[in-house]
Amino acid sequence: MCKTPLDHTLGEILTRKGISRRSFMKFCGAMTAALALPAHYTERVAAAVSAAKKPVLVWLEFQDCAGNTESLLRASSPTAAEIILDVLSVDYHETIMAAAGHQAEAALKQATAEKGSYLVVVEGSIPTKDGGIYCTIGGRTALDIAQEICGNALATITCGTCSAYCGLPAAAPNPTGAVGVTDAVPGITVINLPGCPMNVVNLTATIVHYLTFGELPPTDQFGRPFFAYGSKIHNDCERRPHFDAGQFVEEWGDGGHRAGWCLYKMGCKGPATYHNCALVRWNEETSWPIHAGHGCVGCSEPNFWDTMTPIYRRLPKVPGFGIEATADKIGLGVAATVGGAFALHGVASAVRAKVQPLQKSQIIVDEEDAS
Amino acid sequence: MTKIVVDPITRIEGHLRIEAEVADGKVSQAWSSSTMWRGIELILQGRDPRDAWYFTQRICGVCTTVHSMASIRAVENALGIEVPLNAIIIRNLIEGSQYVQDHTIHFYHLHALDWVDVVSALSADPAATAKLAQSI
Numbered sequence: 001m002c003k004t005p006l007d008h009t010l011g012e013i014l015t016r017k018g019i020s021r022r023s024f025m026k027f028c029g030a031m032t033a034a035l036a037l038p039a040h041y042t043e044r045v046a047a048a049v050s051a052a053k054k055p056v057l058v059w060l061e062f063q064d065c066a067g068n069t070e071s072l073l074r075a076s077s078p079t080a081a082e083i084i085l086d087v088l089s090v091d092y093h094e095t096i097m098a099a100a101g102h103q104a105e106a107a108l109k110q111a112t113a114e115k116g117s118y119l120v121v122v123e124g125s126i127p128t129k130d131g132g133i134y135c136t137i138g139g140r141t142a143l144d145i146a147q148e149i150c151g152n153a154l155a156t157i158t159c160g161t162c163s164a165y166c167g168l169p170a171a172a173p174n175p176t177g178a179v180g181v182t183d184a185v186p187g188i189t190v191i192n193l194p195g196c197p198m199n200v201v202n203l204t205a206t207i208v209h210y211l212t213f214g215e216l217p218p219t220d221q222f223g224r225p226f227f228a229y230g231s232k233i234h235n236d237c238e239r240r241p242h243f244d245a246g247q248f249v250e251e252w253g254d255g256g257h258r259a260g261w262c263l264y265k266m267g268c269k270g271p272a273t274y275h276n277c278a279l280v281r282w283n284e285e286t287s288w289p290i291h292a293g294h295g296c297v298g299c300s301e302p303n304f305w306d307t308m309t310p311i312y313r314r315l316p317k318v319p320g321f322g323i324e325a326t327a328d329k330i331g332l333g334v335a336a337t338v339g340g341a342f343a344l345h346g347v348a349s350a351v352r353a354k355v356q357p358l359q360k361s362q363i364i365v366d367e368e369d370a371s
Numbered sequence: 372m373t374k375i376v377v378d379p380i381t382r383i384e385g386h387l388r389i390e391a392e393v394a395d396g397k398v399s400q401a402w403s404s405s406t407m408w409r410g411i412e413l414i415l416q417g418r419d420p421r422d423a424w425y426f427t428q429r430i431c432g433v434c435t436t437v438h439s440m441a442s443i444r445a446v447e448n449a450l451g452i453e454v455p456l457n458a459i460i461i462r463n464l465i466e467g468s469q470y471v472q473d474h475t476i477h478f479y480h481l482h483a484l485d486w487v488d489v490v491s492a493l494s495a496d497p498a499a500t501a502k503l504a505q506s507i
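Taken in order, these protein sequences are the chains called V and P. Taking my numbering, the leading residue of the first sequence gets 1, the next gets one more, and so forth. Taking my numbering, the leading residue of the second sequence gets 372, the next gets one more, and so forth.
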């Protein structure tokens, strides 16, 4: 009997496509590093990915800007085409699929026919006000589609802050009653990959983790995988030595800005934001916002559009002096507004565990700077 | 008379529905609806004008840059800010980069499939194609 594409293992498909063992191992090495696994796991990752069958994946877009799709298309290692065509069987994706209208809807129906057999990626928030009329596809509301497709999926991966935590559409005054997937479809398996947009390295690594270990990676209190959101921007920042030395940009284009000093005083939200931007970077690892000279806006945090703005307002309290404590208090405020989905006690203890006491020498430097 | 509904229109950013009436093989009436709304205009009200570019960018993740540029110009216009020459040069470079990037995305990822018959590619003649390409 003739094998369909879904019957082939990924290893067979990659070989047939002419992907060399060398570049495949390079990809597995990069994924192992992104997942914060020891290097010797590379072989295990490679074996698992080679032997895996293509998981069926559908990509739903609701109140979105397609920024996460853009992020997907810019995947560099392997190329986006290789991820889409070889690693995943993307059976429905409005922005890049050839079909439209009835054909598109038929593709979605076919891909999701068997309950628990497919993964869903969601991009964009889901409006609930006025019966959910602010986003409809094929005459159905986003809420209705999400409840059916995500409700019957093996797991849902939210890409971007909108689908993870309701994002921009829910910024005050939230005109459309937008919510994230967890609130729209309670009780389902969801892993959140927030960011505006999410970094495709983290999406690929999440799927590789699933293929290697048969389960989704462990997550924090906001449903984010630890491998990508376990550490603050501030902790991994290449400009951190300047923060510790009290060297701050005071004005755009000043000497400190030209010398690559710390952007904290210009409103950088790195001390309150958990994300691996500094480590995995963007655009084939060439740069990321702080490297380019602009502060972090905190885009991977729930409700950052309201809690982290104005963008150019300094995080409260004097730099260096208890900044970690202050940043974590903001984090608590954020958690409270997220609502009943997360137990506050869990947040508090998780945050407490993250608080790093400042070194005495550091405080002295900052006192000197202040005087 | 036949009525045609195409929803979703794919390979665009956003959500679009087209309804058309066809009579004698010709479209006699057509309606287009954008079936998603976020209210970014309402969300922007009362915020720090220096943040407007960042919010406005999210109108579209494909042509992000042009929305932020338009927003920045609107704020500068409202406040009577004179733009330094270096900033103009940098903005032109950014817009130029966007133009190159957007062309690639739009042509190859989005509307190419309207012009290319993927199924026919299976019966294509690579040698004849190469010969044709080299003759131009």
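Don't read these hints as lab results, they were simulated from the structure. Some hints here could point you the wrong way.
Said to hold, decoys possible - To be clear about the criterion: a stretch of chain V counts as covered by chain P if any three or more of its residues have a C-beta under 8 angstroms from a C-beta of chain P, and this derived list gives those stretches: (1) 60-71; (2) 159-173; (3) 286-295; (4) 300-314.
No experiment lies behind these values; they were computed from the predicted model shown. C-beta: ideal position from N, C-alpha, C; glycine also.
Status of each hint after checking the structure:
1. Requiring three or more residues with a Cβ within less than 8 angstroms of a Cβ of chain P, the coverage given for the segment 60-71 of chain V holds, as 10 such residues are present.
2. Here's how the segment 159-173 of chain V fares: 5 of its residues keep a CB closer than 8 angstroms to some CB of chain P, so the rule of at least three is met and the hint holds.
3. Counting residues of the segment 286-295 of chain V whose C-beta sits closer than 8 angstroms to any C-beta of chain P gives 0, which falls short of three, so the coverage hint is violated.
4. Only residues whose beta carbon comes within less than 8 angstroms of a beta carbon in chain P count, and the segment 300-314 of chain V has 6; three or more means the coverage holds.
Checked against the numbered hints above, the structure breaks only hint 3 and satisfies the rest.
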